[in-house]
Amino acid sequence: MILGADPLLTGPIDLTAVAIVAFKTLLVFVFLLVATMLMIWFERKVHGDMTNRIGPNQAGPFGVLQSVADGIKVFFKEDLIPDRSDRFVFKLAPYLSVVPAFVTFAVVPIGGVFGDGERGVVSMFGRDTRLQLADPPIGILLVLAMSSIAVYGVMLAGWSSGSKYPLLGSVRASAQMVSYEAALGLSVVAVVLVSGTLTTSGIVASQHVWNWNIWATGAVPFIIFVIAATAELNRPPFDLVEAEQELVGGFHTEYSSVRFALFYLAEFMNTVTMSAIIVTLFLGGPNGPALIGPDWVWGPIWFFAKLLVFLFMFVWFRATLPRFRYDQLMDLGWKALIPLALGWLLLLVAVRVADDEDWNVFVVMAAALAVMAAAYGLLVLAFRAARRVHEVEAAI
Amino acid sequence: MGQYLPILMLLVLAVVFAALSFFASRLLAPRRPTAAKSAPYECGIVPSREPPERFPVRFYLIAMIFIVFDIEIIFLYPYAVIHRELGGFGLVEMAVFVVAVFAAFVYLIANGALDWGPVKHLRRVDPRVSTSRTAATTVRRVGLEGREPETGEAA
Chain A
1 MILGADPLLT
11 GPIDLTAVAI
21 VAFKTLLVFV
31 FLLVATMLMI
41 WFERKVHGDM
51 TNRIGPNQAG
61 PFGVLQSVAD
71 GIKVFFKEDL
81 IPDRSDRFVF
91 KLAPYLSVVP
101 AFVTFAVVPI
111 GGVFGDGERG
121 VVSMFGRDTR
131 LQLADPPIGI
141 LLVLAMSSIA
151 VYGVMLAGWS
161 SGSKYPLLGS
171 VRASAQMVSY
181 EAALGLSVVA
191 VVLVSGTLTT
201 SGIVASQHVW
211 NWNIWATGAV
221 PFIIFVIAAT
231 AELNRPPFDL
241 VEAEQELVGG
251 FHTEYSSVRF
261 ALFYLAEFMN
271 TVTMSAIIVT
281 LFLGGPNGPA
291 LIGPDWVWGP
301 IWFFAKLLVF
311 LFMFVWFRAT
321 LPRFRYDQLM
331 DLGWKALIPL
341 ALGWLLLLVA
351 VRVADDEDWN
361 VFVVMAAALA
371 VMAAAYGLLV
381 LAFRAARRVH
391 EVEAAI
Chain B
1 MGQYLPILML
11 LVLAVVFAAL
21 SFFASRLLAP
31 RRPTAAKSAP
41 YECGIVPSRE
51 PPERFPVRFY
61 LIAMIFIVFD
71 IEIIFLYPYA
81 VIHRELGGFG
91 LVEMAVFVVA
101 VFAAFVYLIA
111 NGALDWGPVK
121 HLRRVDPRVS
131 TSRTAATTVR
141 RVGLEGREPE
151 TGEAA
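Here the protein sequences come in this chain order: A and B. Using this note's numbering, read the first sequence as starting at 1 and increasing by one per residue. Using this note's numbering, read the second sequence as starting at 1 and increasing by one per residue.
I should point out that these hints are in silico values taken from the structure, not numbers from a laboratory. If you're wondering where the values come from, they're calculated on a predicted model, not measured in any experiment. Hints are supplied without guarantee of correctness; some may be wrong.
[Stated by the list, open to error] A short, non-exhaustive set of chain B residues, derived as facing chain A with CB atoms under 7 Å: (1) Y4; (2) L5; (3) M9; (4) A29; (5) P30; (6) Y41; (7) G44; (8) V46; (9) L76; (10) A80; (11) V106.
[To be verified] According to the in silico footprint, chain A covers these stretches of chain B (three or more CB under 8 Å from chain A): (12) 11 to 25; (13) 60 to 73; (14) 128 to 142.
Note that CB positions come from ideal geometry on N, CA and C, so glycine has one too.
All chains should be modelled from the sequences, with the hints used to inform the complete structure.
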């Protein structure tokens, strides 16, 4: 078992350590802001191309500075607080949305050489540290905790607005995010199982070079995680929260000026962070072959290359897939993803334990598959019973 | 606890960033609220009703079921970390635990706690009741003398 620890902060913490931490914090902060700005531009540009439009092309080369221009503009817009709103909660909600978006990225390793006796530690100003902001022993649980707090931001924003559409949007949002969090958590358990640790640095180290968790866990948890993450981010095709045709803007209808901008920022920052989490958990993070030059250069290069793939994927989803209906969304989350994730997890556990204990793997596999088939039969029976109940309710 | 120092720093930085944004907006943005601007937005229609305070009970059910499931999922994490040390004993224990979780899950589904939306297969109409008997044929309307015949669009 590997407990995570940044060697910089294991002993007594002196002034140099604090200065290095402050430097890293500032670096991550600026990176996140710039990455979010670029992501907004990237989404608008790529989505524009996919729908046969030009997209932003005025501010700066290829319109790169469009987000900056929009950001500056927003400061000069009137900041309205509706009469019927709960003023304190209305002002609190953007904080609850934007702070978790920042904090989640702290545990993502963006570089460092792993494997061959190296533990991903680099030297910075004469001190050993990791190329990730923090490496707490709970690691991945922090990500789940922060995504739970982000639900509060959305929910309270809608509730405190004192208006119909935001309220409907936020109730939808909280039920949706909460439903997919269960599937998200279950697919992360598979990663923890294979890597044997909760720390993100340990998870990355266990995937050294090509032993990525996407194969080690058998791809199913990866697919579940990507679907659940898309729903968790409220991105299309799961964007019922802000379905324009039904709910105006969803939970942030009543927000304007900087408060609206912070929600927007948090949404795109969460997209960047969630892509980074997917890369860390399933695609080996900064792991990859070192080609030419020093080894440590290739960590960040591979990381950002993989990150870009997922950012593009989220944009592609938006341009391609039509929005779910609410009952389809709930059915997919509860009736498909959760049982599938649970069953796959048990199969993984059975095979791994059988491997350790020198049991016959085929017998164990057959037994596990038989149990899963029985469970599936039970589920089908349950669906039938539920449909009968539902029909009787509708008939009354 | 030193490992959490960077997270704390980033948290403080994020809060300061948001607070400074609000401060800048307060300095730069105009403040001319009117009654129309600060009324709830309903696509230009003057709001006539309060936002609903009662919600379909299914949303509350989802919240309760989530709490139960999330706690059960959290119990899987420590097992996932040390499943090697526990070996076959751990596997059997975990299987029993998951069976308990799954039984509850099947019970919920069978009761229709997770059902949304319209019924896909409507019940067949009772064959003992003739289809010609509808509200229009069985209800005798009185007091219609001297009135315009209803055209359907009047209401």
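Does the nearest C-beta of chain A fall within a distance shorter than 7 Å of the C-beta of V46 (chain B)? violated (13 Å)
At a threshold of 7 Å, is the proposed contact between L76 (chain B) and chain A supported by beta-carbon distances? holds (5 Å)
Interface hint status, V106 (chain B) versus chain A (Cβ within 7 Å): holds (5 Å)
Does P30 (chain B) pass the interface hint, meaning its C-beta sits closer than 7 Å to a C-beta of chain A? holds (5 Å)
Any CB of chain A closer than 7 Å to the CB of Y41 (chain B)? holds (5 Å)
Mind checking the CB of G44 (chain B) against every CB in chain A and telling me if the closest is under 7 Å? Violated - the Cβ of G44 (chain B) stays beyond 7 Å from chain A, reaching only about 11 Å at its closest.
Taking a Cβ-Cβ distance under 8 Å as contact, does the stretch 11 to 25 of chain B have three or more residues in contact with chain A? holds (count 10)
Using the nearest Cβ pair, does L5 (chain B) come within less than 7 Å of chain A? holds (6 Å)
Per the CB criterion, is Y4 (chain B) less than 7 Å away from chain A? Nearest chain A Cβ about 6 Å off; hint holds.
How does the coverage statement for the stretch 60 to 73 of chain B fare against chain A, requiring three or more residues with Cβ below 8 Å from a Cβ of that chain? As far as the stretch 60 to 73 of chain B goes, the hint holds, because 6 residues have Cβ atoms under 8 Å from chain A.
Hint status (Cβ of A29 (chain B) to nearest Cβ of chain A, threshold 7 Å): holds (5 Å)
Within 8 Å of chain A (C-beta), three or more residues of the stretch 128 to 142 of chain B: The restraint on the stretch 128 to 142 of chain B is violated, since only 0 of its residues have a Cβ under 8 Å from chain A and three are required.
Of the numbered hints stated above, those contradicted by the structure are hints 7, 8 and 14, listed in ascending order.
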